[in-house]
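Construct all of the structure, not just a fragment, from the sequences and the given hints.
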Amino acid sequence: MEETLTAPVMSDVGWSAAEFDEIVREHQARIYRVLWCELRDDEAAATLTQDCFLKAYRGRADFRGEASVGTWLVRIAVNLARDYQRNRRLGFWRRLLSGNVREAELAVQMAVADTPGADRALLAREQLELTMEAVKTLSPQQQTAFRLRYLEELSIEEIAAAMSLEVGTVKSHLSRAVSALRQQRNQP
Amino acid sequence: MKHLTDEQLAGWLAGEEDQQTGSHLDSCPQCNAEALELRDGISRYAVAMRRQSSFAENAHMNGRLAPRRTLALHRLRWAGSGALALLLAASTAWLMIRPPAQNPTMQSYRTIDPAASSQNDANSKPSSQLSDDELLEAVNNDLSREVPEALSPVSAISVERNKLAATSGAATSGSVSHTSLRRKTNVP
Numbered sequence: 008m009e010e011t012l013t014a015p016v017m018s019d020v021g022w023s024a025a026e027f028d029e030i031v032r033e034h035q036a037r038i039y040r041v042l043w044c045e046l047r048d049d050e051a052a053a054t055l056t057q058d059c060f061l062k063a064y065r066g067r068a069d070f071r072g073e074a075s076v077g078t079w080l081v082r083i084a085v086n087l088a089r090d091y092q093r094n095r096r097l098g099f100w101r102r103l104l105s106g107n108v109r110e111a112e113l114a115v116q117m118a119v120a121d122t123p124g125a126d127r128a129l130l131a132r133e134q135l136e137l138t139m140e141a142v143k144t145l146s147p148q149q150q151t152a153f154r155l156r157y158l159e160e161l162s163i164e165e166i167a168a169a170m171s172l173e174v175g176t177v178k179s180h181l182s183r184a185v186s187a188l189r190q191q192r193n194q195p
Numbered sequence: 100m101k102h103l104t105d106e107q108l109a110g111w112l113a114g115e116e117d118q119q120t121g122s123h124l125d126s127c128p129q130c131n132a133e134a135l136e137l138r139d140g141i142s143r144y145a146v147a148m149r150r151q152s153s154f155a156e157n158a159h160m161n162g163r164l165a166p167r168r169t170l171a172l173h174r175l176r177w178a179g180s181g182a183l184a185l186l187l188a189a190s191t192a193w194l195m196i197r198p199p200a201q202n203p204t205m206q207s208y209r210t211i212d213p214a215a216s217s218q219n220d221a222n223s224k225p226s227s228q229l230s231d232d233e234l235l236e237a238v239n240n241d242l243s244r245e246v247p248e249a250l251s252p253v254s255a256i257s258v259e260r261n262k263l264a265a266t267s268g269a270a271t272s273g274s275v276s277h278t279s280l281r282r283k284t285n286v287p
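Sequences listed follow chains A and B, in order.
The first sequence lines up with residues 8 to 195 when you count with my numbering.
The second sequence lines up with residues 100 to 287 when you count with my numbering.
Don't take every hint at face value.
Unchecked claim - Under 8 angstroms between C-beta atoms, here's a sample of chain B residues computed to sit facing chain A: (1) H102; (2) D105; (3) E106; (4) A109; (5) A113; (6) E116; (7) A132; (8) L135; (9) E136; (10) L137; (11) G140; (12) I141; (13) R143; (14) Y144; (15) A145; (16) M148.
What the hints assert, rightly or not - To be clear about the criterion: a stretch of chain A counts as covered by chain B if any three or more of its residues have a C-beta under 8 angstroms from a C-beta of chain B, and this derived list gives those stretches: (17) 30-40; (18) 44-54; (19) 127-135; (20) 138-149; (21) 154-167; (22) 177-187.
Don't read these hints as lab results, they were simulated from the structure.
For every residue, glycine included, the Cβ atom is placed at its ideal position computed from N, Cα and C.
Right, dumping it as structure tokens:
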């Protein structure tokens, strides 16, 4: 019989099915976002979001409560994304042909859509494009740390726990990101 | 004045409280402007990514939960397009493989040219099977004729006239009277 997330089973850590449903509801959007930002693939992000919760449910006994549930889920999601990228064949060509330009343009349009005034919208657009270009120059791990900090607003300690890194390494990644942003900004 | 390092700026952007950094930002307009600009760019990036991933998630969910009627219409549209494409392909194929239409010019070449007709009689193919090479040959034969078809009777007359001139050439010193020529040509 196929195991479902809503199976009425009392977990070892005290989560009832209803509680786990609540966890899914609360964190689903964030986990999807983390995965989507890592992969830029709607289908893969949706599939891995389900996998993430399934993995969390199956591994609920391993959750010791040292970090928050959200951080624990983000950690699972980051690992799933990493495995997926590692296993994805022809990933380079897929990324190359997947229309990143269109995605970037769409993101820019969506972000500046509600900026009033042509001048301010133009400035917002430039700022956003600079940031996107700077993020592209970072390594995958640096990008993940940057997004977990500024998109998901995780603390440095939470990022370290989610990415299985030292706090100092996370700080170094964020510092490198700021350096890239500064370089991009100061380019003629 | 020494400006902020990447680490200090990254710490400030990450929300770390640092009195030295704070006081420098208060007193240095250049670092202050840079820090605010980077912060704005990062927050716009975060907004853009959140919106885009939310958009992707909604689109994915809508696609998955599309009502049956919409799906049926979608399939119907695809089926219609497929049928139209098949029809176009079939008509194109028919145009390409159908026998060439019988051209009256070709027919005239076959019937007028006795040389060509004598050649073709040996092969005696129906006109619908006349190949391009055969047609070209017929045209060439017609063009290379010394005397066009319409002037064949005149040619016969001149042959007869030459014969007559040869036989009576000695008596009349090589000249042929117009009267004799006219008489000869009037013979049925």
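Consistency of the hints with the structure:
1. For H102(B), the suggested interface contact is broken, since its CB lies about 10 angstroms from the closest CB of chain A, more than 8 angstroms.
2. Satisfaction of the interface hint for D105(B) is found here, the shortest Cβ-Cβ separation to chain A being roughly 4 angstroms, below the 8 angstroms cut-off.
3. With a cut of 8 angstroms, the hint placing E106(B) at the interface with chain A holds, because the nearest CB-to-CB distance is about 5 angstroms.
4. Nearest Cβ of chain A to the Cβ of A109(B): about 4 angstroms, under the 8 angstroms cut. The hint holds.
5. Contact between A113(B) and chain A, as hinted, is supported at the beta carbon level, the nearest pair being about 6 angstroms apart and thus within 8 angstroms.
6. Annotation: E116(B) was flagged as interfacial toward chain A, and the flag is violated, the nearest CB pair being 13 angstroms apart, outside 8 angstroms.
7. For A132(B), the suggested interface contact is broken, since its CB lies about 10 angstroms from the closest CB of chain A, more than 8 angstroms.
8. Annotation: L135(B) was flagged as interfacial toward chain A, and the flag is violated, the nearest CB pair being 10 angstroms apart, outside 8 angstroms.
9. Taking 8 angstroms as the C-beta cut-off, the interface hint given for E136(B) holds, the closest approach to chain A being about 7 angstroms.
10. Because the beta carbon of L137(B) sits about 5 angstroms from the nearest beta carbon in chain A, less than 8 angstroms, this interface hint is met.
11. Given the 8 angstroms rule on beta carbons, the hint for G140(B) holds: about 4 angstroms separates it from the nearest Cβ of chain A.
12. Interface restraint check: I141(B) against chain A, minimum CB-CB distance 5 angstroms, threshold 8 angstroms, status holds.
13. Among the interface hints, the one on R143(B) holds; its C-beta lies about 4 angstroms from the nearest C-beta in chain A, closer than the 8 angstroms criterion.
14. Checking Y144(B) against chain A by beta carbon gives a least distance of about 4 angstroms; that is within 8 angstroms, so the hint holds.
15. Proximity of A145(B) to chain A holds as hinted, the smallest CB-CB distance being about 5 angstroms (cut-off 8 angstroms).
16. Of the supplied interface hints, the one on M148(B) holds, with its beta-carbon coming within about 6 angstroms of a beta-carbon of chain A, less than 8 angstroms.
17. Counting residues of the region 30-40 of chain A whose C-beta sits closer than 8 angstroms to any C-beta of chain B gives 3, which meets the bar of three, so the coverage hint holds.
18. Figure legend: the region 44-54 of chain A, annotated as covered by chain B; annotation consistent (5 residues with Cβ-Cβ distances under 8 angstroms, at least 3 required).
19. Look at the region 127-135 of chain A against chain B: 3 of its residues bring a Cβ nearer than 8 angstroms to a Cβ of that chain, three or more, so the hint holds.
20. Counting residues of the region 138-149 of chain A whose beta carbon lies closer than 8 angstroms to any beta carbon of chain B gives 3, which meets the minimum of three for the stated coverage.
21. Counting residues of the region 154-167 of chain A whose beta carbon lies closer than 8 angstroms to any beta carbon of chain B gives 5, which meets the minimum of three for the stated coverage.
22. With 7 residues carrying a beta carbon less than 8 angstroms from a beta carbon of chain B, the region 177-187 of chain A meets the three-residue requirement, and the given coverage holds.
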